[in-house]
Amino acid sequence: MLKLEKLTRRFGDNLAVNNANLVIPDGQMVGIIGRSGAGKSTLLRLLNRLIDPSEGQILFGDTDIAQLNGRELRAWRSDCAMIFQQFNLVGRLDVVTNVLTGRLYDLPAWRSLTQVFTPRERAFAIQALDRLGMAHTALQRAETLSGGQQQRVAIARALAQEPKILLADEPIASLDPMNAKIVMDALRDINRQDGITVICNLHTLDTARTYCDRIIGMQDGRIVFDGTPDLLTTAMAREIYGAEADEAFNEAATSTAIPAAMPVPA
Amino acid sequence: MTDIPMLGGSAGASGGAPRDAVAVFEAHRAELKASRRVWNIVALGAFTLALGLSIWISNFYPDRLASGVPRIFEYFGTIMPDLQWDVLFEGRTEDGRAVPGSLTFWYTDFWTYVELIWETILMAITATLIGTAVAFALSFPAAANLSPNSWIYWISRRFLEFCRGVPEILLALLFVFMIGIGPLAGVMAVAIHTAGALGKLFAEVNENASDRPIEGITAVGGNWFEKMAYGVTPQVLPNFFSYAMLRFEINVRASSIIGFVGAGGIGQELNRVISFYSDDRVLAVLILVVLMVTVIDLISERIRLGYIGRENFA
Amino acid sequence: MSMASIAAITPEQIATARATHPGAFGSLGGQVRRWGWLAAAVVYVIVSMWYFDFGRLLDASERVLALLRAFVVWEDMETWQYANIYRGIAQTLAMAFLGTLLGTIGSLVIGFLAARNVMPIRLVRQVIRRFLDILRGIDQLVWGLVFVRAVGLGPLAGVLAIFISDLGTLSKLYSEAIENIDRKQVEGVKATGAGPLAVIRYGYIPQVLPVFISQSLYFWESNTRSATILGIVGAGGIGMILIERFRASLYDQVAFVVLNVLVIIFAIDWLSKRIRLWAIGAKSE
Chain A
10 MLKLEKLTRR
20 FGDNLAVNNA
30 NLVIPDGQMV
40 GIIGRSGAGK
50 STLLRLLNRL
60 IDPSEGQILF
70 GDTDIAQLNG
80 RELRAWRSDC
90 AMIFQQFNLV
100 GRLDVVTNVL
110 TGRLYDLPAW
120 RSLTQVFTPR
130 ERAFAIQALD
140 RLGMAHTALQ
150 RAETLSGGQQ
160 QRVAIARALA
170 QEPKILLADE
180 PIASLDPMNA
190 KIVMDALRDI
200 NRQDGITVIC
210 NLHTLDTART
220 YCDRIIGMQD
230 GRIVFDGTPD
240 LLTTAMAREI
250 YGAEADEAFN
260 EAATSTAIPA
270 AMPVPA
Chain B
31 MTDIPMLGGS
41 AGASGGAPRD
51 AVAVFEAHRA
61 ELKASRRVWN
71 IVALGAFTLA
81 LGLSIWISNF
91 YPDRLASGVP
101 RIFEYFGTIM
111 PDLQWDVLFE
121 GRTEDGRAVP
131 GSLTFWYTDF
141 WTYVELIWET
151 ILMAITATLI
161 GTAVAFALSF
171 PAAANLSPNS
181 WIYWISRRFL
191 EFCRGVPEIL
201 LALLFVFMIG
211 IGPLAGVMAV
221 AIHTAGALGK
231 LFAEVNENAS
241 DRPIEGITAV
251 GGNWFEKMAY
261 GVTPQVLPNF
271 FSYAMLRFEI
281 NVRASSIIGF
291 VGAGGIGQEL
301 NRVISFYSDD
311 RVLAVLILVV
321 LMVTVIDLIS
331 ERIRLGYIGR
341 ENFA
Chain C
71 MSMASIAAIT
81 PEQIATARAT
91 HPGAFGSLGG
101 QVRRWGWLAA
111 AVVYVIVSMW
121 YFDFGRLLDA
131 SERVLALLRA
141 FVVWEDMETW
151 QYANIYRGIA
161 QTLAMAFLGT
171 LLGTIGSLVI
181 GFLAARNVMP
191 IRLVRQVIRR
201 FLDILRGIDQ
211 LVWGLVFVRA
221 VGLGPLAGVL
231 AIFISDLGTL
241 SKLYSEAIEN
251 IDRKQVEGVK
261 ATGAGPLAVI
271 RYGYIPQVLP
281 VFISQSLYFW
291 ESNTRSATIL
301 GIVGAGGIGM
311 ILIERFRASL
321 YDQVAFVVLN
331 VLVIIFAIDW
341 LSKRIRLWAI
351 GAKSE
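Chains A, B and C, in that order, give the protein sequences.
First residue of the first sequence: 10, per this note's numbering; consecutive thereafter.
First residue of the second sequence: 31, per this note's numbering; consecutive thereafter.
First residue of the third sequence: 71, per this note's numbering; consecutive thereafter.
Be aware that one or more of the hints could be misleading.
Unchecked claim - Just the calculated beta-carbon pair ranges, DEER-fashion: (1) C/90 to B/185: 44 to 52 Å; (2) B/81 to C/279: 13 to 21 Å; (3) B/185 to A/32: 21 to 29 Å; (4) B/78 to C/194: 52 to 60 Å; (5) B/78 to C/107: 50 to 58 Å.
To be clear, the hints were calculated from the coordinates, so they are not data collected in a lab.
The C-beta atom is built at its ideal place from N, Cα and C for all residues, glycine as well.
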């Protein structure tokens with residue numbers, strides 16, 4: 010169970026995340042919505058401690074994540090995988106090595122620095138890639154893949170970490186509808202079958218409605234909505250998105266609602 | 031047409047007469063012009079002063095030049111070999127003497143030169159490898175975006191600046207005093223300078239590296255070394271390689287002159303023939319040095335282009 | 071399909087993965103290709119250090135200590151002939167200034183003669199370029215040594231050495247700048263019926279002048295730096311003072327001169343950065 014208490018992050022005078030209180034039980038699939046600059050990304054980065062909180066606590070079980078340092082912090086990051094909008098793969102390394110970087114925390118220093126991985130680790134990486142349908146690209150350089158393929162490799166890297174929580178920061182914002190659907194399906198699959206908590210920033214409302222058990226709405230750093238998708242009324246959504254509402258509701262542009270828009274093969 | 035309402039508007043805002051704006055502009059313009067003229071005069075004055083002082087200090091007077099310049103041509107005349115076409119390719123006679131006018135006579139010490147040129151190239155390779163290794167290790171702490179903390183950054187930066195700032199030949203002079211005449215002093219001097227020069231360039235390459243892969247490695251729980259090894263190194267390696275090869279070309283030149291102070295290589299021989307003889311031996315060594323530098327440049331360029339080409343098509 | 075944890079992976083699963091994706095398991099050849107270069111480099115360095123007698127670095131402790139001591143303990147400082155030292159420094163600055171100035175003037179002429187779009191005769195261009203290659207192929211310090219032999223010890227040899235080596239490099243850079251200009255502006259000037267010199271003055275110069283100025287400033291900086299050491303071969307400047315006192319075993323004075331040289335070098339770096347910023351700023355005004 011992940012519990013945020015009065016979590017706050019300041020950038021200068023700006024409160025990027027303002028007094029966030031949340032309880033997320035294990036195995037939930039949570040979507041965070043809100044317009045750009047609402048603090049979604051900062052919140053996710055705080056959870057993984059890519060950013061340090063200014064105030065407040067992040068409790069996972071009994072440990073306060075906000076206080077971790079050094080090796081313990083790295084242990085937490087390895088338990089709490091993250092997927093990025095721009096994939097953040099190492100473009101010039103091959104795909105399987107990228108996935109193997111997911112194991113770095115458990116490797117002794119001499120093996121990680123000389124890139125020596127055991128057959129067991131390699132087989133595990135291949136399995137993770139296979140699960141995302143990417144095993145055939147194992148020896149290609151990551152930068153030669155399309156965006157959707159890179160995001161699937163990034164998910165495979167996350168799986169290689171054997172995480173307890175999977176954070177996804179706008180995982181489909183840079184993808185076309187077809188790939189967006191593949192990626193979201195994969196995230197749901199991981200959530201349902203492995204029981205991993207998935208917390209996902211999403212820009213489009215319908216994706217959040219389709220895939221998530223629970224939706225959290227953010228506005229100017231504050232959590233303004235927290236509930237199941239059916240509780241999220243259109244009026245509430247307009248309130249959360251403000252001026253960006255039309256864009257967020259424009260399902261054809263950035264949504265995963267591809268099957269309806271595309272002719273279904275017979 | 032659009033000027034008029036704007037002028038009126040600004041005049042209205044300032045509350046003065048409408049012509050004020052133009053007058054202010056003209057005054058400002060005149061002021062700018064005048065200040066620029068003053069600066070130009072100051073710059074010209076400083077330049078003339080520097081020129082006059084320089085001529086006076088270095089005794090660069092026309093009469094000295096007039097007597098010196100002919101001597102230059104005279105000197106180049108004396109180092110020309112006296113080759114004769116009919117005996118050009120004559121070998122040595124039975125008693126081991128070379129025929130005057132033949133290539134063999136001109137290049138009597140050919141194999142000594144070749145050996146020294148070989149030593150020069152080895153010195154350059156060793157110094158480049160050592161210097162590159164040090165530069166590589168220091169380029170991460172010396173990059174503003176990667177350094178683990180500010181004092182490590184400060185120390186590694188200053189260290190690299192120092193290594194780069196001291197001229198190679200000065201270092202070589204000190205090393206020759208400390209460890210004696212020979213190529214080791216040259217290797218050390220060139221390696222230290224290389225570490226400084228490459229370290230600064232490498233650090234700049236690191237500062238331009240994309241932070242996305244680094245963030246990716248941070249997020250999987252990688253430590254600082256893993257971030258550098260997986261997040262940064264693959265991105266910057268081709269650039270590092272190109273810079274190291276270019277540095278190798280520079281180091282071949284440096285190794286060829288470092289012998290002037292006794293630090294090994296062909297420079298030692300070059301110094302000897304120029305200082306003690308003024309005959310065709312000077313040109314003989316100079317030709318070999320220029321040839322060596324040119325050939326190394328060509329080879330290095332091929333390797334660089336070959337590597338980059340392979341990178342792009344892989 | 072859920073994934074087994076890494077600990078639960080069976081040898082059979084490893085064998086299957088290896089069979090379906092043999093490349094992903096790395097091979098001996100791959101490891102050799104990856105680490106072979108590094109290993110070869112390390113072996114080379116070790117062998118060459120042995121060849122260069124690396125052990126001497128460790129034996130040298132006594133002389134190192136003597137030198138280090140001389141660098142810290144300065145004796146009889148009133149007899150050090152400071153005027154001489156600072157005259158040497160002034161000479162160094164003067165040599166660099168004159169050498170760069172002469173090199174710039176010479177390169178202005180030769181640069182145009184070596185540029186494809188100004189000099190139509192291929193043969194002339196080629197001859198000039200090969201000549202420049204030779205000038206560049208010989209190091210400045212070698213030129214210094216040669217000119218010392220030709221015109222004697224002193225700053226004149228240094229000025230000439232800087233001039234000749236700048237001529238080789240600056241002319242090449244200038245001619246490249248000239249070849250890269252915008253042709254339309256030149257045609258505009260030609261269209262007014264201007265003669266060849268007027269075309270150069272109004273068509274070429276305005277375009278290439280900023281490049282020329284920044285290149286020459288950069289060379290002035292680097293020449294000041296190299297002028298500090300030209301004296302080591304007798305070509306005037308502070309280097310000559312340095313080598314004289316070195317030969318006379320006055321190591322504490324050598325240390326003092328070296329410190330002065332370093333101060334000059336860092337000062338020049340700083341000053342030249344300032345001047346370049348100022349020149350660029352003045353240009354964009």
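Against the structure, the hints come out as follows:
1. C/90 to B/185: 44 to 52 Å: Since the Cβ atoms of residue 90 of chain C and residue 185 of chain B sit about 50 Å apart, the hinted range of 44 to 52 Å holds.
2. B/81 to C/279: 13 to 21 Å: Since the Cβ atoms of residue 81 of chain B and residue 279 of chain C sit about 20 Å apart, the hinted range of 13 to 21 Å holds.
3. B/185 to A/32: 21 to 29 Å: violated (47 Å)
4. B/78 to C/194: 52 to 60 Å: Distance hint for residue 78 of chain B, residue 194 of chain C is violated at roughly 35 Å.
5. B/78 to C/107: 50 to 58 Å: The hinted range 50 to 58 Å holds for residue 78 of chain B and residue 107 of chain C, with Cβ atoms some 56 Å apart.
Of the numbered hints listed earlier, those contradicted by the structure are 3 and 4.
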